[in-house]
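Visitor: Sequence:
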Amino acid sequence: MRRLLCALLLASMLLLSGCLDVSDGQDTQKFNGRDYDPPITAPDFTLTNQHNTTTTLSDHSGKVVVVAFTYTHCPDVCLAVEANLYSVMGELGSEYGSDVEIISITVDPVRDTPEHLANWTSEHGYTWPHVTSDNHTLLVELWNDWGVAVNNEHINGNHSENEGHDNDEHENDTYEVGHSTTITFLVDRNGMKRVSWSGFDWSVDGLLTDIHTLMDED
Numbered sequence: 026m027r028r029l030l031c032a033l034l035l036a037s038m039l040l041l042s043g044c045l046d047v048s049d050g051q052d053t054q055k056f057n058g059r060d061y062d063p064p065i066t067a068p069d070f071t072l073t074n075q076h077n078t079t080t081t082l083s084d085h086s087g088k089v090v091v092v093a094f095t096y097t098h099c100p101d102v103c104l105a106v107e108a109n110l111y112s113v114m115g116e117l118g119s120e121y122g123s124d125v126e127i128i129s130i131t132v133d134p135v136r137d138t139p140e141h142l143a144n145w146t147s148e149h150g151y152t153w154p155h156v157t158s159d160n161h162t163l164l165v166e167l168w169n170d171w172g173v174a175v176n177n178e179h180i181n182g183n184h185s186e187n188e189g190h191d192n193d194e195h196e197n198d199t200y201e202v203g204h205s206t207t208i209t210f211l212v213d214r215n216g217m218k219r220v221s222w223s224g225f226d227w228s229v230d231g232l233l234t235d236i237h238t239l240m241d242e243d
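Take the position in the sequence shown, starting the count at 1, then add 25; the result is the number in our numbering.
Everything labelled a hint here was simulated from the structure, so no lab data went into it.
For every residue, glycine included, the Cβ atom is placed at its ideal position computed from N, Cα and C.
Be aware that one or more of the hints could be misleading.
When the alpha-carbon atoms are kept at most 30 angstroms apart in a straight line, the in silico DSS-like pairs for lysine-lysine are as follows [what the hints assert, rightly or not]:
#1 LYS218 to LYS88
#2 LYS88 to LYS55
#3 LYS218 to LYS55
Simulated restraints, written as ranges between beta carbons of each label pair [what the hints assert, rightly or not]:
#4 LEU163 to SER119: 21 to 27 angstroms
#5 SER123 to THR162: 33 to 39 angstroms
#6 ASN160 to ARG59: 16 to 22 angstroms
#7 ALA143 to GLY231: 27 to 33 angstroms
#8 HIS149 to GLY122: 16 to 22 angstroms
#9 ARG59 to ALA105: 28 to 34 angstroms
#10 VAL165 to GLU120: 29 to 35 angstroms
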């Protein structure tokens, strides 16, 4: 009887140990943001930046790329995201440019012309690419490809395509752009979408940790 009890006790301990191991594995979280498991290919793009030259995602292959969807006339969330990105760039120091890039893609191309973006980024000290396009259809397709929901009424209802992109004709237009709150993504060195962050309520330190996790991958 004693041998049977010992055997049952040993079996129970082994089963319990196995359960604990599985639980620990399930609780392990690699990133602070929402991770893509499995990773998915980040849609490429070629857009015009504030210097009126092109910015292409695939040109940064081999680097970790932070891709944010914002707009300059945003009253709240986007401005906080931009300020956070500025802090991230500063904290990266020499790693920015050599190992990491940041790209902000507008969801308001009517007002965010290259000229306006040049003035706005200069005023704020934001030196990373802020990109747009006078081809609104291309941008709408890009938003959809990235899974960013944008209310297109400001494009389709108020303005005609390719109008007013050589100046700030629409600078004083008043409207807000409705868009999804998941607007910041991390793309790994292989061009795969790996992590997303929602809204502006994210930690600069947390994002930096996720960036370094991707940088340290083989």
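Visitor: Indicate, hint by hint, whether the structure satisfies it.
Guide: Taking the hints in turn, this is what the structure says about them:
1. For a cut-off of 30 angstroms, the pair hint linking LYS218 to LYS88 stands: about 12 angstroms separates their Cα positions.
2. For the hint pairing LYS88 with LYS55, the CA-to-CA distance comes to about 19 angstroms; that is within 30 angstroms, so the pair holds.
3. Of the supplied pair hints, the one linking LYS218 and LYS55 holds, its CA atoms being roughly 15 angstroms apart against a limit of 30 angstroms.
4. As the Cβ distance of LEU163 to SER119 is approximately 34 angstroms, the hint placing it in 21 to 27 angstroms is violated.
5. The hinted range of 33 to 39 angstroms is satisfied by SER123 and THR162, whose Cβ atoms lie roughly 35 angstroms apart.
6. At roughly 30 angstroms, the beta carbons of ASN160 and ARG59 sit outside the given window of 16 to 22 angstroms.
7. Hint check: ALA143 to GLY231, Cβ distance near 31 angstroms, so the stated range 27 to 33 angstroms holds.
8. In this structure the supplied range 16 to 22 angstroms holds for HIS149 paired with GLY122, their Cβ-Cβ distance being about 19 angstroms.
9. For the pair ARG59 and ALA105, the beta carbons lie near 18 angstroms from each other, so the given range of 28 to 34 angstroms is not met.
10. At about 34 angstroms, the beta-carbon gap between VAL165 and GLU120 stays in the expected band of 29 to 35 angstroms.
Hints 4, 6, 9 from the earlier list are contradicted by this structure; the remaining hints agree with it.
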